[in-house]
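So the protein sequences, as listed, match chains A and B. Residue numbers for the first sequence follow this note's numbering, beginning at 1 and rising by one. Residue numbers for the second sequence follow this note's numbering, beginning at 1001 and rising by one.
Because the hints were derived from the structure by calculation, they are not lab data. In this text, a Cβ means the ideal position worked out from N, Cα and C, and glycines have one as well. Fair warning: there could be bad hints in the mix.
[Said to hold, decoys possible] Ranges between beta-carbon positions, derived for each pair:
{"id": "1", "chain 1": "A", "residue 1": "63", "chain 2": "B", "residue 2": "1065", "range": "17 to 23 Å"}
{"id": "2", "chain 1": "A", "residue 1": "31", "chain 2": "B", "residue 2": "1015", "range": "43 to 49 Å"}
{"id": "3", "chain 1": "B", "residue 1": "1116", "chain 2": "A", "residue 2": "3", "range": "56 to 62 Å"}
{"id": "4", "chain 1": "A", "residue 1": "27", "chain 2": "B", "residue 2": "1120", "range": "26 to 32 Å"}
{"id": "5", "chain 1": "A", "residue 1": "98", "chain 2": "B", "residue 2": "1015", "range": "21 to 27 Å"}
{"id": "6", "chain 1": "A", "residue 1": "97", "chain 2": "B", "residue 2": "1106", "range": "39 to 45 Å"}
{"id": "7", "chain 1": "A", "residue 1": "88", "chain 2": "B", "residue 2": "1064", "range": "41 to 47 Å"}
[Unchecked claim] Just so you have them, the derived chain B footprint on chain A, three or more residues with Cβ under 8 Å:
{"id": "8", "stretch": "71-80"}
{"id": "9", "stretch": "83-95"}
{"id": "10", "stretch": "102-109"}
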Amino acid sequence: MAAEELQKQFQTELDAFKQCQKEINQLAGMRQQLDGQLNENSIVKEELALLKPSGEVYKMVGPILLRQDHTEAKENIDKRMSYIKNELQRIDDRIHTLEGKQDEFRETLTKLQQQFQAQQIKK
Amino acid sequence: MAGKMIDLNNLNVQQLAKMKEQVYKEVSLIQDSLQSLKIAQKRYISSQEALESAKGRPSGTSMMIPLTKSMYAAGQLVNPEHVTVCIGAGYFLKLEINDAIQYFKRRVNFLVERMEGIQQIGLEKQKLQNVVTEVLEMKLQQAQTENK
Chain A
1 MAAEELQKQF QTELDAFKQC QKEINQLAGM RQQLDGQLNE NSIVKEELAL LKPSGEVYKM
61 VGPILLRQDH TEAKENIDKR MSYIKNELQR IDDRIHTLEG KQDEFRETLT KLQQQFQAQQ
121 IKK
Chain B
1001 MAGKMIDLNN LNVQQLAKMK EQVYKEVSLI QDSLQSLKIA QKRYISSQEA LESAKGRPSG
1061 TSMMIPLTKS MYAAGQLVNP EHVTVCIGAG YFLKLEINDA IQYFKRRVNF LVERMEGIQQ
1121 IGLEKQKLQN VVTEVLEMKL QQAQTENK
């Protein structure tokens, strides 16, 4: 009876552990995407900084190109970059806590397994 | 990777096999990235070449504009001094042709720098892969002779 209970508990812990792992993988994917966007935006920022005052800036809105003010474009890029940086920070924090949780799960799982094995030996 | 040094000789066969697999994955990931960077570089270079051949032509020069890869429409060059270049994130710049050529050169240089860095990492990983394979084979042979 006790063995069955242990097994049940082990299963629920294992499921929670797997859930945790899944979320970490998802977050890692998101992180990679945001990182790519940040790189792209920093390149745009560099190019905008190099642009001569006579140059014109266009922003793609749907299928059309809209003329945009030079300073406005710079501000938009800065805003976009700080938003992405915030998102990255948020995801990093979340991954960090999840990893801590994962370690806890791993510990309980090993403990449960040891208990289970000890019981098997007693029989 | 792990910050601390691990003596490969202290690992057992299973651990080594796992490590070999891991390193193999890393090496192929690096090779894939290099491949993508090379493709990107080719695109920039072909854009740059297109600009160089368009440079200095008078307005009104007639040309065939590719609508698809195999279909062209006749057109005329109206503004020979300026081109609009996509710089990413939905932004486009109207640049003088020379500035646009400089832009593409900058991008290619950036890519070359990146590729050199990645190639260096790739070489190190490959070295590691060789060492791991070697140790693994040694261990397997040892195990075989012990079993005899």
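Now the hints, each set against the structure:
no.: 1; hint: A:63 / B:1065: 17 to 23 Å; in the structure: holds, 18 Å
no.: 2; hint: A:31 / B:1015: 43 to 49 Å; in the structure: violated, 29 Å
no.: 3; hint: B:1116 / A:3: 56 to 62 Å; in the structure: holds, 59 Å
no.: 4; hint: A:27 / B:1120: 26 to 32 Å; in the structure: holds, 29 Å
no.: 5; hint: A:98 / B:1015: 21 to 27 Å; in the structure: holds, 26 Å
no.: 6; hint: A:97 / B:1106: 39 to 45 Å; in the structure: holds, 40 Å
no.: 7; hint: A:88 / B:1064: 41 to 47 Å; in the structure: holds, 46 Å
no.: 8; hint: 71-80; in the structure: holds (count 3)
no.: 9; hint: 83-95; in the structure: violated (count 0)
no.: 10; hint: 102-109; in the structure: violated (count 0)
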